[in-house]
Each structure stands twice: as structure tokens, then as C-alpha cells.
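Residue numbers (the working numbering), protein chains in the order written: chain Z, 1 to 278; chain F, 279 to 591; chain V, 592 to 915.
In short, the hints are calculated from the structure, not lab data. One should not assume that every hint holds.
As the list claims (entries may be wrong) - Short, incomplete list of chain F residues facing chain V, as computed with Cβ under 10 Å:
1) G287
2) D488
3) I490
4) L494
5) K496
6) R502
7) D585
8) P586
Beta carbons are placed, not taken as given, at the ideal position from N, Cα and C, and that holds for glycine.
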Amino acid sequence: MSWVSAETRARFRRNRSLQVGLAMLAALALLIFVAPLFLHADIMAVDFGQALLPPGADHWFGTDDLGRDVFARVVSAAGVDLQIAIVCVFVPFVIGSAVGLISGYVGGITDVVLMRIVDVLWAFPFYVLVIAIVGSLGPSLLNMYMAFTLVAWISFARIVRGEVLLVKRMEYVQAAQVLGYSQTRIILRHVLPNVIAPAIVFMMADVVLTILAVTALGFLGLGIQPPTPEWGVMISEGRNFILDGWWGSLFPGLAIVYVGVTFAFLGDGLDDFLRPKA
Amino acid sequence: MVLLKFTAGRLLQLIPVLFVITLIAFLLLRVLPGDPATLILGSRGTPEDIARLTTQLGLDRPLWQQYLGFLGDMLRGSFGQSIAYRTAVGPLILERLWATLALVGLSTVFAVAMTVPFALMAALHKGGVVDHVIKVFFVMMMSMPAFWLGVLLVLLLSIAFPIFPVSGFGEGVMDRLYHLFLPSFIIALGTAALTIRSLRSSLIDVLKADYIDTALAKGLRSRRVLLAHVLRNSLISTISVLGVHTSWVIGGTVVIESVFAIPGLGYLLLSSISARDYPMVQGLTVTFAVLVVTINLITDIAYAVADPRVKLS
Amino acid sequence: MSGSPPLLQVEGLVTRFGAVTAVDGVSFDIRPGEIFGLVGESGCGKSATCRSLIRLFGGASAEIAGGSVLFEGNDLVRLDNRGMEDIRGNRIAMIFQDPMTALNPTMRIGEQIAEGVRRHRGLKGEPARREVIALLESVGVTSAESRLSAYPHEFSGGMRQRVLIAIALACRPHLLIADEPTTALDVTIQDQILKLILRLSKETGLAVLMVTHDLGVVAQTCDRVAVMYAGRIVERGDTRQIFRRPAHPYTRALLDALPAHTGRGTRLKPLGGEPPDLSAPPQGCRFHPRCAFATEVCRVEQPSLQPIESRHDTACLRAGELGL
């Protein structure tokens, strides 16, 4: 790793939160990619003979009312939920950062108009907008991506714009302007690298919020549709037989908490790593 | 008096915001792909049905006429006609408003009640075992889906410890608060996760402040210093965090109301969506936004009251 | 004055902040009504010394590891926390360096003064209010009554320092610890505040421990002075004696840095180098790496305070031969 400076490596070694977060993320990725190779259980096959078995050696998380292995379904759902969360965070991150960058750097009437839009969108509760959009258009993956993108970019725009306003006054940016560098070059080479860290840190928190929202949609029947395994859907289905087996709802929820804690550690760690305090 | 002027000024600033809010709520369901009448009727609709509904909803008129009609309905308080209920939207929303407000209010009270002692404990034992336990517990709370916690607590409480009602809204004020206890508590856990973190870090800052030395040098009892000086000043920055999060909570009520079958705005939103009750969804969207704007206004005022350095102008 | 028993007697005080021994065996005494100066560069342990006296360390984890602080019959080092709270603000008061940050920004001025009055003197309601007004007037705040409900941000720095003095004097303490009371103020205001402290000391018989890095302030106010370097007192005596015949090379260097002070004898080179790292102080005399007169013995042997004339002590191994 000679391309990483000694200082950066030392900073990483001291950063316990980042190490824990990355380790938890790696474990999760390993499970998602490797587990299907070993799990012989078919996540879709209904087998009433195997219904509602409690957790044990054969079925670590038990089976649901249709006899499907809960562990296999929780692992399979991890891929589904994480994929949605990553798309629903990354696209708004790119759009929002671009808007914030332009709004803050260009200023003037562009800034006023863009920020008014952000302010007003801010007034609509996230869940209400997403539910209204997905609910009206009908539950589908594409509609979900669209709803989240439409709503989630404003946080990133606000964060990045605030940083740009600070950086714009810094000497190196002023110097680049005096030297007559092109606007594109100044924005991409001098401003962007210095404003993006807080947005990346927020992206980690946003993954948690988005997973919560995606699973909530699934739970309400407005997101991923059964029989595709999805944590929110599984919790909702588990409710139907909760008096006969608590495991159907418990384990998908624990999986959500695991992801949440992972990204909380990553967020804390990245905050320290990208923005070392003095 | 100054405060009154400040509030009035803020209210005036809100008028254009409210105007744009109605515009967005109006456009939201119209710029999205898909024709409302077709969506409402779904696959059952014949072309004749769709045409009739289009006329009935006024969707054949130009967009600006439709919007003016919507604005007129809002000003009259009717918010348009509900398709599912076949009556004005406004009064129906008003009827359901109180359950949601009570849920948000009670959860905020619980959140504050949890935040102060836990943040104090964490800050005073900074870096110690207590601090870490509180941190880990509330990080988990923050990533815990409210609906999942609701499902599990309902199971636990309905079987093992039948103390709290697990569904519905009850009759009379006390009974209703009793019914709201569990859902409010679940929401509060998520809020507290955030506010404890914020209050803890500002407590740690304030504990180092020079004016705390001045207060201690007066010989005041440590309890008095902690409450009148440390906590009082630390709470200011937490007010903003609480305000922003309450806006989030208002959206979150949709899910929790569904789990606990509380007849609030969120419950109405979900049933209106499955009934394809367009005007109701539109009216509810505006109502939710107005609630958020109001919470933000209250936060601003609370902030100005709490911090005398904020200029009331 | 020399006959009266000391009001405060500090013996061998040692205070540690983790691995750093900020105060290392400091001894001095203050007599009733006296203004005693504690002078030295920043980081020499003078603030830590006075904070040790009332055991307030501003949130830092500090430990008084040795010595005693005798005050009106109590050893403050061994007093329990409640007992210490009864003394703070009541018998010993303290004012801090930066008046801009030393007042609670969300509490009205009147209330900040009244707190102490209520706590130690049991005054409440109207009598407390009248007392607060009288206090504000005594420190030169005009139209005091109308200022009670003001907040600190409405006051200038000088006014805030007056308020802080009023807070300190609220219970007529016998000792005032003033930690760099004028450092953060404009020059013109500095003079006013010093004169105010001097006047109050004369009028009420208040003893003052004046902590400063500014020998000009010492010359203007103090009866006696102790010079601190790297956690220790290196010279101690009457202000006039020390200004006329500084016995320690460090004191001498400080005096030479003073514009108004016309040095006698040969001029020393300006004081170079940095104060030592207190987590690993140098062997022998702590000043020897910066001292123009250091010899082999200074590098090895640790000097202790020795009298060189009546009521004038210094901790320099070569004090006798140098005759500064």
C-alpha cells in the first residue's frame, strides 16, 4: 500500500470506528455473496411440512408459515435492501451535491431560486412525499427510485452549498480565480474536493434513514412485493403468525439494526478520517 | 411585545412559502407519469369511466384553472371533495389531526424526559462505561425500525405483560393518552437517540466554559450550577436538533399509526392511497407540510426565547 | 503589616494535570489587605496555582498531589467539597481572565450577581435586589438599577469585568484571586479596572492575589510579588526590592523586557528559547537552558528559595556571586 501515505495509514490505525464499520460491512458482504453457495434452502419454495419450525440446527432462524427458511430469506433480502438503499442514496448524493456546488459557487439569482426550492421541499415530510408518490404511481422498483431521488437530494444540496460558501472565501480558490483558471477546473479541482467530505459522512447516515424508509414501505405493502424477500415485507408477514413464532419478525428487524449500526460506525469513522480535528 | 412582533414577522414570511407548498402538492400528482383518472380506476376502468372521472375531477381543464380551483377550495376550507368519502376533505382532515398532534406532542415530551438525564449521565462520565453503554444503546435505537419495535412490543405486551393497550385510540382524554403511550414511547426512542447525542456534546462544551468557573467560584451548590448554568445553556443547540427531527417524526407517524391502528392523518393517508382518493392525498400532503412549517416556526421562536443573543427582528 | 498573621499560607503546593506537574512545590503567604503578585510567562503554572487554591480546574482533570493551603483555620486541600463550596465566593472569590466569556450568556446580570448574595448571605427578594444595585454602583456601573435585567452581550468588555468584580465581591470576601484580570481588555480600560481593584482593596481591607504576566501591572499594584518559572517560584519579596535589585536571572530578563524599566548595569541579551516542557522538566535549575549565567552546577543541582536580604528570597545557585 505504498500509494497511501504513512500519515493516512496511521490515521486509519487510530480510527476504531472506521475499522469496526468496515469489518461489519465486509462480514455482511461476505454473507450476501457467499451464503447462497452453501444454503441449499430454496427461498421461494413453499413446504407446509416444514412450516413454523423454531430456530435450530437445520434452520438457524427457523421457518415461516410457508415453510421457508428465514435465515436464507434474511440473507437474500440483505442484497435486495442494500441495493435499493445504495441507489436511493447515491443518486440523490450526486444530484444534490451538484446542485449545492452550483448554487453556492455561482451565487446570485441561481442560488436564490435553487435554495427557495430546497426550502419549500424541506417542508414536506420525507415519508409523506415518498408514500404519496409511490402510492399514487403504484409499487415498483423504478417508482421507488424516482420517489427517493425526488426527495432526498435536498439534504445533500444544503450541506454542500454551506461548505462551498465557506471554501469560496479561502485563499486557494481566490488565487485560482486570479490566475484565470477555467470555472470548471476551479469547481472540480479546487472546490469539490474540499466540500464533499461532510456530504460523504451524511451519506452514511442517509443509508440508515433510507433503509428504514424502504423497509417501512415494504411493511406497508407499498414497496417490494412478496414473495421477493425484503426485510420490511418479512416483518409484515411475520406478524401474521407472530403468536405461533416470534422469529419470523424478529430476525429481519435485527438485520436492519445490524446495517444501521454498521453505517453509524462508518459515518463516525469517516467523519474523523476525512475531517481530522486540528 | 418584541416576541409578538417577531412572531408576526415570521408569519408574514410564511405566506409565500404556503403558496408554493400548495403549488407543489398540486403539481406533484400531475407532473408524475401516468394519468390520474386511469390510476384511480386502475385496470377496471373503461375508457368511458375514465373520461367521466376526468371531467368530474376537472382534469380536462387547463392546469392553471385547476390550480385556481384547488386554491379556492383550500381558502374555503373544504380542500376539495373526497372520492372515497364523498364529502369535503377539510373537515375529515381536521377530525384526524388531533390524534397525530397528540402522538407527536407526547413523543416529544417523552424524548425530552429521556434526553436530559441520559445526556447528563453520559457527559458527566465522558469516556466511561456509562457513556459507552448509553451511546451504543441509542445508536441501536436510531437504526431500529419503529414498526418492527411496535410489532415486537405489541407481542410482548399483549401476551407477557398486558399493561398497555396495543391498538386503537380509546375514548376520553385520559384513555386516549393511555392508548398513545406505547406508540409515543417508540417514536421517542428514535428522537432521543439524536437529541442525547447533541445534548451530550454541547454539555461537554459548556462544562468547559469560563462562565461555569465563574458560577462555581460563587460557591453555588453543584446541583444549582448544573441546572441553572450548564443545562440551561446546553439545551439551546438541542432545540434546533429537536425541531428538525420533529419534522421527520411527523412523517414517521404514518408508519406507527398504521401499526397501532391510531386514526390519525397518517392512517388516513394510507387508506386514501389504497382507495386512490386523489383529492384527499393532495389535501393531506398540504396539511403535513403546514405542520412541518409550524413546527419550524415554533422552533425558531423557542430558540429566540432561549437565547437572548438572538436578535428579535 | 509584617506583624499580622498571614490570611493565606501556601506550603509546598504540588498540582498535577495528568503527567504534567504544573505546580511543583510552591510556597507563599498573603497577609490581610495585601496585594500579592504572582508573575511569570504563560504556562508557568501561575493560573494552576491560583486555581488550586479554590480547587476549580475548569473541567480539566487535575489533582492536588501535595502541600497545604491554610486559610482562616482550614486546610483547603483537605476540606470536603461542601466545605469548599461554603468558602468559594464567600471568603475567597475569584475573577477570570476573559470577561467576554466569563459571564453566563443566557442569565440576566442582576441574577448572576444575586445568586451569590442569596447563597451565602441568605438575602432574598427586595433586600437582595437592593444589595445587587449597591454592588453594581460600588464597581462603577452607572444607572445600575436599569441594568439588572440586561444580558452580558449588551455590555462592553470593561463593563463585564466590572460586573465580574461585583459578583466576586458580593459576599465581602477576605481574599480576591484575580487571574490576569486586565489581559483581555483595551489598554485604557485596563488602567480603570486596576484602579478599581486597588480602591476596593483599600476601602474594604480586601487581600488580592494578582496573577499577571505583566510586570507593569505588578509595579502599579502589588505590595509583594512572587516570580514563577516552570511550576516553581524563583524569586519572592517586596515589589520595590525586586524591581530595584532583582536577584534571579529570569526576573532580571523579565524586567529588561519592560519598556518603562531602565535597567541598571549591563544589559542582558533578550530572553531566548522556550519555557520547558513540564511533563519532562530539565534537570537541575529549570531555567539553566535559557540562562546566560548557567554553569555546570546549575545543570545538576536544584536550587531552593534562599533569603538574600530581609524579606527577599531567590532560588538561584549563583545569586551570591552574581550580585545582579
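Status of each hint after checking the structure:
{"no.": "1", "hint": "G287", "in the structure": "violated (21 Å)"}
{"no.": "2", "hint": "D488", "in the structure": "holds (4 Å)"}
{"no.": "3", "hint": "I490", "in the structure": "holds (7 Å)"}
{"no.": "4", "hint": "L494", "in the structure": "holds (5 Å)"}
{"no.": "5", "hint": "K496", "in the structure": "holds (4 Å)"}
{"no.": "6", "hint": "R502", "in the structure": "holds (8 Å)"}
{"no.": "7", "hint": "D585", "in the structure": "holds (6 Å)"}
{"no.": "8", "hint": "P586", "in the structure": "holds (4 Å)"}
Hint 1 alone, counting from the list given before, is not met by this structure.
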